[in-house]
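Assemble the complex: chain A is given as a structure, and chain B with the ligands must be docked to it using the hints.
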Amino acid sequence: MPLVELTDKGLYCPAGDFYVDPWRPVPRAVITHGHADHARPGSGLYFAEASGIPILRQRLGADLKAHPLAYGESLALGRARVSLHPAGHILGSAQVRIEVDGEVWVITGDFKRDEDPTCAAFEPVTCDTLITEATFALPIYRWPDIDVVAADIFRWWQANAEQGRASVLFCYALGKAQRVLAALMTHTQQRVLLHGAAVPLTNIYRKAGVAMLPTEPALEAEVEKKFAGELIIAPPGANGTAWMKRFGDCGTGFCSGWMLLRGNRRRRGYDRGFVMSDHADWPALIQTIEESQARQVLATHGRSDILVRYLTERGMRAAELRTEFGDEDLAAEA
Amino acid sequence: MQAFTDLFVSLDSTTATNAKVAALRHYLEQAPAGDAAWAIYIVSGRRAKRLAGRPLLKDALQTLTGYPEWMVLDAYATVGDFAETASLLTEEVRATDARGDQHSLAYWMEQEILPLADLDEEAKKQKLMDWWQRLPQLSAFLVTKLITGGLRVGVSQTLVARAVAELADLPRDVITHRLMGEWQPGAGWFAELIDPDITADLSSRPYPFYLASPLEHEPAELGAREQWLAEWKWDGIRAQLVKRGGEISLWSRGEELMTERFPEVIAAAASLDDCVLDGELLAWKDQVLPFAELQRRIGRKTVGKKLLADVPVRLLVYDCLEHAGSDLRSQPMQARRDTAEQLTDGADERIGTSPLLTAQSWEALAEAREGSRERGVEGLMLKAADSPYLTGRKKGAWWKWKVEPLTVDAVMIYAQAGSGRRATLFTDYTFAVWTEQDGERSLVPIAKAYSGLTDAEINKLNRWIRANTIERFGPVRSVSAEQVFELAFEGINASTRHKSGVALRFPRIARWRTDMQPEDANTLGQVQDLLQLYGNT
Ligand SMILES: [Zn+2]
Ligand SMILES: [Zn+2]
Numbered sequence: 000m001p002l003v004e005l006t007d008k009g010l011y012c013p014a015g016d017f018y019v020d021p022w023r024p025v026p027r028a029v030i031t032h033g034h035a036d037h038a039r040p041g042s043g044l045y046f047a048e049a050s051g052i053p054i055l056r057q058r059l060g061a062d063l064k065a066h067p068l069a070y071g072e073s074l075a076l077g078r079a080r081v082s083l084h085p086a087g088h089i090l091g092s093a094q095v096r097i098e099v100d101g102e103v104w105v106i107t108g109d110f111k112r113d114e115d116p117t118c119a120a121f122e123p124v125t126c127d128t129l130i131t132e133a134t135f136a137l138p139i140y141r142w143p144d145i146d147v148v149a150a151d152i153f154r155w156w157q158a159n160a161e162q163g164r165a166s167v168l169f170c171y172a173l174g175k176a177q178r179v180l181a182a183l184m185t186h187t188q189q190r191v192l193l194h195g196a197a198v199p200l201t202n203i204y205r206k207a208g209v210a211m212l213p214t215e216p217a218l219e220a221e222v223e224k225k226f227a228g229e230l231i232i233a234p235p236g237a238n239g240t241a242w243m244k245r246f247g248d249c250g251t252g253f254c255s256g257w258m259l260l261r262g263n264r265r266r267r268g269y270d271r272g273f274v275m276s277d278h279a280d281w282p283a284l285i286q287t288i289e290e291s292q293a294r295q296v297l298a299t300h301g302r303s304d305i306l307v308r309y310l311t312e313r314g315m316r317a318a319e320l321r322t323e324f325g326d327e328d329l330a331a332e333a
Numbered sequence: 000m001q002a003f004t005d006l007f008v009s010l011d012s013t014t015a016t017n018a019k020v021a022a023l024r025h026y027l028e029q030a031p032a033g034d035a036a037w038a039i040y041i042v043s044g045r046r047a048k049r050l051a052g053r054p055l056l057k058d059a060l061q062t063l064t065g066y067p068e069w070m071v072l073d074a075y076a077t078v079g080d081f082a083e084t085a086s087l088l089t090e091e092v093r094a095t096d097a098r099g100d101q102h103s104l105a106y107w108m109e110q111e112i113l114p115l116a117d118l119d120e121e122a123k124k125q126k127l128m129d130w131w132q133r134l135p136q137l138s139a140f141l142v143t144k145l146i147t148g149g150l151r152v153g154v155s156q157t158l159v160a161r162a163v164a165e166l167a168d169l170p171r172d173v174i175t176h177r178l179m180g181e182w183q184p185g186a187g188w189f190a191e192l193i194d195p196d197i198t199a200d201l202s203s204r205p206y207p208f209y210l211a212s213p214l215e216h217e218p219a220e221l222g223a224r225e226q227w228l229a230e231w232k233w234d235g236i237r238a239q240l241v242k243r244g245g246e247i248s249l250w251s252r253g254e255e256l257m258t259e260r261f262p263e264v265i266a267a268a269a270s271l272d273d274c275v276l277d278g279e280l281l282a283w284k285d286q287v288l289p290f291a292e293l294q295r296r297i298g299r300k301t302v303g304k305k306l307l308a309d310v311p312v313r314l315l316v317y318d319c320l321e322h323a324g325s326d327l328r329s330q331p332m333q334a335r336r337d338t339a340e341q342l343t344d345g346a347d348e349r350i351g352t353s354p355l356l357t358a359q360s361w362e363a364l365a366e367a368r369e370g371s372r373e374r375g376v377e378g379l380m381l382k383a384a385d386s387p388y389l390t391g392r393k394k395g396a397w398w399k400w401k402v403e404p405l406t407v408d409a410v411m412i413y414a415q416a417g418s419g420r421r422a423t424l425f426t427d428y429t430f431a432v433w434t435e436q437d438g439e440r441s442l443v444p445i446a447k448a449y450s451g452l453t454d455a456e457i458n459k460l461n462r463w464i465r466a467n468t469i470e471r472f473g474p475v476r477s478v479s480a481e482q483v484f485e486l487a488f489e490g491i492n493a494s495t496r497h498k499s500g501v502a503l504r505f506p507r508i509a510r511w512r513t514d515m516q517p518e519d520a521n522t523l524g525q526v527q528d529l530l531q532l533y534g535n536t
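Residue numbers (numbering that gives the first Met the number 0), protein chains in the order written: chain A, 0 to 333; chain B, 0 to 536.
Please keep in mind that the hints were generated in silico from the structure rather than gathered at the bench. Misleading hints may appear alongside valid ones.
Said to hold, decoys possible - Cβ-to-Cβ under 10 Å is the rule here; a few derived chain B residues that face chain A:
1. A15
2. A18
3. F290
For every residue, glycine included, the Cβ atom is placed at its ideal position computed from N, Cα and C.
Looking at chain A on its own, in the form it has when it is part of the complex (with noise of 0.2 Å):
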């Protein structure tokens, strides 16, 4: 019998009786992190990383039952003992490390490589099967260098200033937000100014001991209605809203994986794509696969078809797992 199986309510282990990830309200939940297809609200008990529980309580209400967990900690439910393994995506990001009866199975979440000060490093896990994420699975994806993406976002922001005009940043509030204020660091002292969407996942960072930009909201700051050279960071949902008009004519960026394709870049309407992508990349997801010497692989999310096929006919053996899990990014767009 497979250690976790697809239910209805989403990934299920019959031996420990717990969920990953569930889709629909379960007793008991172990959240690979707070991002809204993985921690989704009415489950009876939520099992997560430490630093991810003040972001589940912001997000799905401030009495949720959470059994916080340290990376490497281990815990025993049912027949099943249970780890989280840090995975490099978000803060609190983790991957499940199940094992039963001395077989092993690992459960990515969202899982980068990339360097980010915002949250542990991603640690491979040696497993007998990975369900790993796909987002991104065709090798035209390889994220540049992020200090490089930085740079880029900082001349942006001051070309703009230069001509007296504000820089909105979209980015997905959680996660993509921070990463970038921290990525900015290396640059500037300057305050950035925040979405009010933004503000309550940027103070649970601080308050972690993250290092990024100082931020104010921008409700406040609107009082002297000035936001000429300022940098706005937003959600990608505040595009075209009513909220925008009080920056005037000001240029517009998005930050995500998608925009390292000209045509989305030039589809999306927005002035400058920046390719920062808290996903892993092909070569990123290749190497995961390799160093878990996982002797089955199941893909879940974005391109889990072209990832199967391609380790199928390098002798693995691949499946994929239809869950509901999807991406931020273009979830935050829809």
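What follows is chain B with the ligands alone, placed relative to chain A:
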């Protein structure tokens, strides 16, 4: 190549027209004349012939990366552009020291890219693999783009003319004229382009066309009937016949040379004086034939005997812009029209003048206009008798008073598969018009339309859609904003449900405007003008 790559990045990373003009002008100032000429050639969308086909590119890409064919094709389906796919997939075999290339754009075009034509397939493949490894990603993309056809960077002919005019400090009209027609890029050509001596006009080039605007009010508001010339509005191909020093050429509005496509018109022009005539090409057998017939003649460089006999073409002249070397454009319409009539009087029947309507009052004209459909025309043209020949879409001198009052030229942005028998075909399309805010243009969806194309057109459009998909959302594909369609519709209403703020009633495709660039499509402002006039609120 690096400087041109930087120009490409500047043009591609902004939608603001002013920023694009500034970037292009900056490049033209710095670049050697030869490079400047090639840059203009490339960014204005002109293309050399295709030097390598898709199979060769795919083969080179597989050899270099070792990825299976299905993966290369899947990557292509995701990216939507083969050159970009190649530049991305080769990133892992790219030399780590791949840096800005030292050679000039002119060197690349003249010494590397165009000479590919003389190489066999294997040698071409080796060249491609070498470039992909040696050039940085963006330059690799650009070079591949230039080999496979053209490069679209959202730069219109108008924008190029603006940048050059600023640089040369010459009127934009002069530059537009000099940019028209066929030319070979080179240092000498660029020097001529920015030559301050504007009397030197040694070409067969046509004048910039003047375009009529739709009449959006009662014709009586134009003033007295006798101040206006009225003609039928023909549904054909707008053309200028240029005859200078006995040399004859025929030009489309899209600045395409059509001389070889309409030999009967060229033959008929042999008896004319030197002149430049503005008129409409029509399929004609005793009377005008439907546009669909004329379409059989479009897109063919040369025509066979059978097609010539089946679909004979006639030029109906309505203006004379030049006679015996002198520019008549500042003369009144009535005088130019008289000259046109004298010139064509007694010419071969393949060249005639578009008759004037003699109806004495606006009411009588309106009545005549009701008969447009039976005549196979689209309505009436009204031209101010005392107006000079203007340029572009300037309003005021020429009005089109169509029977079908409401049409809009829009750009296709999405395509969706039909259902049932047509599930494998993209038959439902979404169209958009331009909206401008703070000097920045973007497309806003205006209507969906399902019908109006012939099966042959649908097949052709489907091939284009498959090759130009940007992204898939289930059954819907976004396509690059390149194809313009004339949409006809029965009415227009304000709508809060649509982002554009308007809803069109019974929109359908009137025509695939292959003669139009996406930049030429209508603006939301123009559509809102229609709403003001015809909307029932
Ligand atoms: Zn996530
Ligand atoms: Zn996810």
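Structure-based check of all given hints:
1. A15: holds (8 Å)
2. A18: holds (9 Å)
3. F290: Violated - the Cβ of B:F290 stays beyond 10 Å from chain A, reaching only about 32 Å at its closest.
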